[in-house]
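*Asks:* Sequence:
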Amino acid sequence: MQNKLGNYELNRLLEKVPNSGDGFPLKITINKDLTAFKLTITDKSGLRVVNIFKSEENHIIQDKFYFLMDSLVERDIFEKKVR
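Numbered by our numbering, the letters in the sequence shown go through residues 1319 to 1401 in order.
What the hints contain is simulated information worked out from the structure, not anything from laboratory work. Accuracy of the hints is not assured; some may be wrong.
Computed Cβ-Cβ distance ranges for the label pairs, DEER-style [as the list claims (entries may be wrong)]:
hint, residue 1, residue 2, range
1, Glu-1375, Leu-1323, 13 to 23 Å
2, Glu-1397, Lys-1362, 17 to 27 Å
3, Asn-1349, Lys-1398, 14 to 24 Å
4, Thr-1353, Ser-1389, 15 to 25 Å
5, Ser-1338, Lys-1399, 11 to 21 Å
6, Glu-1374, Lys-1350, 32 to 42 Å
7, Lys-1356, Phe-1385, 32 to 42 Å
8, Phe-1385, Thr-1358, 15 to 25 Å
9, Lys-1399, Asp-1340, 26 to 36 Å
Below, a list of computed lysine-lysine pairs in the PhoX-like style, where the Cα atoms sit at most 25 Å apart [to be verified]:
hint, residue 1, residue 2
10, Lys-1362, Lys-1399
11, Lys-1398, Lys-1356
12, Lys-1334, Lys-1372
13, Lys-1362, Lys-1322
14, Lys-1356, Lys-1322
15, Lys-1334, Lys-1322
16, Lys-1399, Lys-1345
17, Lys-1399, Lys-1350
18, Lys-1372, Lys-1398
Even for Gly, the Cβ is constructed at its ideal location relative to N, Cα and C.
Work out the full structure, taking the sequences as your base and the hints as a guide.
*Replies:* The following block contains the structure:
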């Protein structure tokens, strides 16, 4: 979806239990030139950035994050680089 500034935004809720409404909001913003992007995962309020990789308790949320990112790679939105 394109925002008022012409940038593209994808908003998803990373949930342990599907359709629970309890999770971490993920926001990916890609600039209108398609040359840069910003990715943030926050608490429910959207005010504090959350690192879902700090705790093993978040392994389900991490899997859902990787699944979403892989789907964006499959759609040629992102490129996957092997290190």
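*Asks:* For every hint, state whether the structure bears it out.
*Replies:* Against the structure, the hints come out as follows:
With their beta carbons about 36 Å apart, Glu-1375 and Leu-1323 fall outside the hinted range of 13 to 23 Å. Roughly 31 Å separates the CB atoms of Glu-1397 and Lys-1362, a value that falls outside the hinted 17 to 27 Å. A hinted range of 14 to 24 Å for the beta carbons of Asn-1349 and Lys-1398 is consistent with their spacing of about 20 Å. For the hinted restraint 15 to 25 Å between Thr-1353 and Ser-1389, the CB-CB distance of approximately 22 Å keeps it satisfied.
Taking the beta carbon of each, Ser-1338 and Lys-1399 are about 33 Å apart, not inside 11 to 21 Å as hinted. Hint check: Glu-1374 to Lys-1350, Cβ distance near 38 Å, so the stated range 32 to 42 Å holds. Range check, Lys-1356 to Phe-1385: about 20 Å between beta-carbon atoms, so the 32 to 42 Å window is missed. Separation of Phe-1385 from Thr-1358 is about 18 Å and conforms to the stated range, judged on CB atoms against 15 to 25 Å.
Look at Lys-1399 against Asp-1340: about 33 Å separates their beta carbons, and that is inside 26 to 36 Å. Taking the CA atoms of Lys-1362 and Lys-1399, the gap is near 31 Å; set against the 25 Å cutoff, the hint is violated. Between Lys-1398 and Lys-1356 the CA atoms are separated by roughly 16 Å; this keeps the pair inside 25 Å, and the hint holds. With a C-alpha separation of about 16 Å, the suggested pairing of Lys-1334 with Lys-1372 holds against the 25 Å cut-off.
With a C-alpha separation of about 23 Å, the suggested pairing of Lys-1362 with Lys-1322 holds against the 25 Å cut-off. At roughly 16 Å between alpha-carbon atoms, Lys-1356 and Lys-1322 fall within 25 Å of each other, so this suggested pair holds. For a cut-off of 25 Å, the pair hint linking Lys-1334 to Lys-1322 is broken: about 32 Å separates their Cα positions. Under the criterion of a C-alpha separation no larger than 25 Å, the hint pairing Lys-1399 with Lys-1345 is consistent with the structure, at around 21 Å.
Pair hint Lys-1399 plus Lys-1350 holds up; C-alpha atoms about 23 Å apart against a cutoff of 25 Å. Straight-line distance between C-alpha atoms of Lys-1372 and Lys-1398 comes to about 23 Å, which keeps the hinted pair within the 25 Å bound.
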